[in-house]
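Listed in order, the protein sequences are those of chains R and X. This note's numbering applies: residue 2 is where the first sequence begins, and numbers increase by one. This note's numbering applies: residue 33 is where the second sequence begins, and numbers increase by one.
Do not rely on the hints blindly, as some may be mistaken.
Straight-line C-alpha distance at most 20 Å; calculated SDA-like pairs for lysine to any residue [claimed, not checked]: (1) R:Lys204 - X:Gly243; (2) R:Lys179 - X:Ile124; (3) R:Lys254 - X:Lys169; (4) R:Lys220 - X:Arg102; (5) R:Lys196 - X:His145; (6) R:Lys216 - X:Ile124; (7) X:Lys361 - R:Gln190; (8) R:Lys204 - X:Glu143; (9) R:Lys179 - X:Arg147; (10) X:Lys361 - R:Met285; (11) X:Lys352 - R:Lys220; (12) X:Lys53 - X:Phe39; (13) X:Lys352 - R:Ala222; (14) X:Lys361 - R:Lys220; (15) X:Lys169 - R:Gln190; (16) R:Lys254 - X:Val196; (17) R:Lys179 - X:Glu143; (18) R:Lys198 - X:Arg147; (19) X:Lys118 - R:Ala222.
No wet-lab data here; the hints were simulated from the structure.
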Amino acid sequence: MGDQCGMTMTEHTLDAKEISSISGITMSPSRQYGQTTLHSSLSLHKSYSGFSPFCSEHSVTQCISYINQEACSLGLGTVCIDLCLGGEGLKAVPVLNLLYELLQINRRHQKAAEELETQQMKNSSDMEHLQHSHSRLKDQLEHTRRENSGLHEGERQLQLKIKTLQRCLKSEKEEVQKLQSIISSRASQYNHDAKRKERECAKLKERLNQLLVEKRDKKLAIEVSNPVGRSDGKRGLWKTGKMEARHEGEMYKALLNDYEARQRALMVENTELKKVLQQMKRDMVSILSPKKPQARGEASDDSLEQVCSDGEEEMCEASRECVEQSCEQAREKLTNSIRQQWRRLKCHMERLDSQASLVSAPDREGEGEELISRQVHEEEVLRMRLELQQCRDFIQTQQQLWQQLSSPCDDETAALLSGCYTLEEKERLKEEWRLFQEQKRNFEKERKSFTEAAIRLGHEKKAFEDDRATWLKNQFLTMTPFVDRKRPATLESHSTASSGAEAKMISTPVPPAKSVSYSAFTTPKTGSACVPSTVDLYRTLRLIPESSLRSQGRRGSRQDFSSLSRDLTKPRLHNGTADCSLLSLLKDVESPT
Amino acid sequence: MNFSELFKQTNQLCRLSPDGKYLATCVQYRLVVRDVNTLQILHLYTCLDQVLHMEWSSDSLFILCAMYKRGLVQVWSLEQPDWHCKIDEGSIGLVSSRWSPDGRHVLNTTEFHLRVTVWSLCNKSVSYIKYPKACQKGMDFSADGRYMALAERRECKDYISVFVCDDWHLLRHFETETQDLAGVEWSPNGCVLAVWDTCLEYKVLLYSLDGRLLSTYSAYEWSLGIKTIAWSPSSQFLAISSYDEKVRILNHITWKKIAEFEHPANISSTKAVVYREVEKCPVVVSEDLSSSQITVSSSLFNTQSKYEICQLPVQVAVLKPDPDRANPKVGVSLLAFSANSRYLATKNGCFQVLSLLWHCSGDSLILLGKEQLCLCYMETEEQK
Chain R
2 MGDQCGMTMT
12 EHTLDAKEIS
22 SISGITMSPS
32 RQYGQTTLHS
42 SLSLHKSYSG
52 FSPFCSEHSV
62 TQCISYINQE
72 ACSLGLGTVC
82 IDLCLGGEGL
92 KAVPVLNLLY
102 ELLQINRRHQ
112 KAAEELETQQ
122 MKNSSDMEHL
132 QHSHSRLKDQ
142 LEHTRRENSG
152 LHEGERQLQL
162 KIKTLQRCLK
172 SEKEEVQKLQ
182 SIISSRASQY
192 NHDAKRKERE
202 CAKLKERLNQ
212 LLVEKRDKKL
222 AIEVSNPVGR
232 SDGKRGLWKT
242 GKMEARHEGE
252 MYKALLNDYE
262 ARQRALMVEN
272 TELKKVLQQM
282 KRDMVSILSP
292 KKPQARGEAS
302 DDSLEQVCSD
312 GEEEMCEASR
322 ECVEQSCEQA
332 REKLTNSIRQ
342 QWRRLKCHME
352 RLDSQASLVS
362 APDREGEGEE
372 LISRQVHEEE
382 VLRMRLELQQ
392 CRDFIQTQQQ
402 LWQQLSSPCD
412 DETAALLSGC
422 YTLEEKERLK
432 EEWRLFQEQK
442 RNFEKERKSF
452 TEAAIRLGHE
462 KKAFEDDRAT
472 WLKNQFLTMT
482 PFVDRKRPAT
492 LESHSTASSG
502 AEAKMISTPV
512 PPAKSVSYSA
522 FTTPKTGSAC
532 VPSTVDLYRT
542 LRLIPESSLR
552 SQGRRGSRQD
562 FSSLSRDLTK
572 PRLHNGTADC
582 SLLSLLKDVE
592 SPT
Chain X
33 MNFSELFKQT
43 NQLCRLSPDG
53 KYLATCVQYR
63 LVVRDVNTLQ
73 ILHLYTCLDQ
83 VLHMEWSSDS
93 LFILCAMYKR
103 GLVQVWSLEQ
113 PDWHCKIDEG
123 SIGLVSSRWS
133 PDGRHVLNTT
143 EFHLRVTVWS
153 LCNKSVSYIK
163 YPKACQKGMD
173 FSADGRYMAL
183 AERRECKDYI
193 SVFVCDDWHL
203 LRHFETETQD
213 LAGVEWSPNG
223 CVLAVWDTCL
233 EYKVLLYSLD
243 GRLLSTYSAY
253 EWSLGIKTIA
263 WSPSSQFLAI
273 SSYDEKVRIL
283 NHITWKKIAE
293 FEHPANISST
303 KAVVYREVEK
313 CPVVVSEDLS
323 SSQITVSSSL
333 FNTQSKYEIC
343 QLPVQVAVLK
353 PDPDRANPKV
363 GVSLLAFSAN
373 SRYLATKNGC
383 FQVLSLLWHC
393 SGDSLILLGK
403 EQLCLCYMET
413 EEQK
């Protein structure tokens, strides 16, 4: 027994050999049952793969303590395994108790497991059942829903039917009413007619009675004082068969005339309509054919080409058609061709419309390049119209002006017109002429004054020459060193005269009177005062050549007349300069003009 | 407008001669003939009884005076005042009397429409035409006066006889497909005869001169039908007016309807011009290019009135006639084409317009009411 107890016992790690060895344990009569339970439980554990044995000979006490622990944890703390005295084997009683307890536990657990299994099976079957029923109910629900909708549909249709039937009923009622009213009106009409007829009948009867009663019968007769001639003046004719035939003939003639007139009118109308159709066809062909270069897409090109070619064909046909106007086929051909062209035109218009609508859509820009948008087109048209109007107006005004220019109404106006263009210039010319005349007069006056001055100068020159001669004479005669005291005085008198003349020469527009007075303010004194006597002497002695003096004089005449006052040859110089200046003056005067 | 002095007359017998030179009036049993320009009495004739019907002959040489009560017709001559002619119908009675187009024959319709007697003034001969129909318009002469169409009824069937007015020779006699023929009318060109049925059946039949049926037209069934018809002067159009307040126009080539004109109570068409007489009693006149509705209200004191143009839409006052009475006063009752076939004047409803007459130039229209008259001038284009 001890050996047998020393056998390894483990619930967990048992393989087949050990199971069979454990099964060799002799136990209480419940052994078999235990065996079977063990078998069953062990068979359950057969699925475990080979584990290492739990207890070995060396690890008995650990195993025992471990088992005791496990037992305590399972609630079997009362049963504890112990080693036998001597430590060679286990105490059988606690081990068996433990075993028994464990078996009980196992049985309980098994039962529970079985119960759970059955429960689970039940549940699963329930679940299946429920699922089935669920799906069945779902189907049913679907089915009923469909039925419901079907019924609704049916109901709706029936409602519609009801409505239509009601409408029909209403209309039928209305019609019935109408018919009733018609019937009533007809009935009243019939009644009225019947009454009228009856009244007439009654009158007839009365008349008949009256006539039957009355014996005398008023004969109907005509009294004419003398027969009247026929309205057309002809004699009356007897009624013969020939007359009848003639009447028939006349009647038919009248009818025929009417038919002929009608036919003529219809023919005329027909030709007119045919002409219109031809025109329409030609127009349609012309409208469709020039669009060829603008065609877009292959399909449209093809169709247009076809159109053009067909159009040409039909034009040839048209000329032939004109010849056979009354022919039935020609008429049909014409109408067919018109219909064809019209269809093509319609297609083309539709295409254009779709293209225009595409163009108006903003995102399709590429296709809009060839066709201008409608707005732009309209603006362009408006602008061109304005331009055209402006040009026209301009042209009109130009024409008017040109007409006025080229063909004047009469001589006076022509003269006026021709005169008015140069009026401004004429005015200006007049103004300028006036100015010129004025200036000329002024210059004349000045020239006159100058000539007078020149004459006076000549006189004065002569006087001066005489004076000079006398003075020279005196000089020669009275050559003294005190001569310079007298000279300024005589020089002064001379210089005044000469400078007066000089001043006249130099100051051009200044009148001579002024120059005389002006010369009075000149400073020949000062000039002469500072003039050295040597120069005078030289001059008097004619040692200085005249040219230098002349040049001096000229310079002086142009710039400073004070230097000229010293010059004895002044008169001559003066004359020359006077002449030159006069000439220059005159030149100056003439140059502006 | 200038008015002459008042002259007496009885029975509205006042007729101008066809050549427009004379005016004949009847006062009781006297016939007075005046000159139109001077209104001086030229002739005075005395008849045997009160004159109920007076008619000029087409050449203005004779005047016919019919005395229905006595069954007498007397014919007077203008050229020879002492020429006399008396036609006595005897016991058979007289219902209506008229001239033939040539002015030499008198057609008397006897009482109860038993027969039409044709009396010739040239040779005193008599012709009888049996069974003429008593209807709205049973006898019509063609425009050129060569043919006469007469509606007859025998054994509950309608017939038409076409006579040559020259010698009253029966040219054609044919049956018509009508229920109860109401009237016949020649087209102005004399080649087509329009025949219309009673108002209980809308039907127009078109026969050619030689009696062939050219076409039939029926707009609808059962409701009351045609009131009257009118040919356009060019014979191109036939206007049919009916009780449904519409006028339908047929064309002479296909005899199919080419136009239909309505007369709605609420005028809202933009092409219509509505003239309203501004006065105590408002009068509404509306005209558009091709049709007109006229209403003239009766007013005793109607001195001055003006016409103003109304703003559309205009509601025309409509009196609903008694539908239970026979021949109700609904529908278009008067039709008149202008001379150039340009305008059509119509009268719809129960308005008191008795006649619509166009001037021969086609530019103006005269509306005659019971106590009023109105002249309408159409806008004409400027003459270039």
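R:Lys204 and X:Gly243: Cα distance at most 20 Å? 35 Å, violated
Checking one constraint from the list: CA of X:Lys361 to CA of R:Met285, max 20 Å. Satisfied? 55 Å, violated
Assess, step by step, whether the Cα of R:Lys179 is no farther than 20 Å from the Cα of X:Arg147, and give holds or violated. 41 Å, violated
20 Å limit on alpha-carbon distance, applied to hinted pair X:Lys53 and X:Phe39: Between X:Lys53 and X:Phe39 the Cα gap is close to 17 Å, so the pair holds against 20 Å.
Compare the distance between the alpha carbons of X:Lys352 and R:Lys220 with 20 Å, and conclude whether the hinted pair is satisfied. Distance of about 51 Å is beyond 20 Å: violated.
Holds or violated: R:Lys198 to X:Arg147, with C-alpha atoms at most 20 Å apart: 17 Å, holds
Given the proposed pairing of X:Lys352 with R:Ala222, does the C-alpha separation stay at or below 20 Å? 51 Å, violated
Compare the distance between the alpha carbons of R:Lys220 and X:Arg102 with 20 Å, and conclude whether the hinted pair is satisfied. OK: R:Lys220 and X:Arg102 at ~13 Å, within 20 Å.
Given pair status - X:Lys169, R:Lys254, alpha carbons within 20 Å: 27 Å, violated
When you check the alpha-carbon spacing of R:Lys179 and X:Glu143, does it fall within 20 Å? Outside the cut-off at roughly 39 Å; violated.
Satisfaction of hint between X:Ile124 and R:Lys216, Cα-Cα up to 20 Å: 14 Å, holds
Run the distance test for R:Lys179 versus X:Ile124: straight-line Cα separation, threshold 20 Å. With Cα atoms ~45 Å apart, R:Lys179 and X:Ile124 exceed 20 Å; violated.
Hint violations for this structure: numbers 1, 2, 3, 9, 10, 11, 13, 14 and 17, all remaining hints satisfied.
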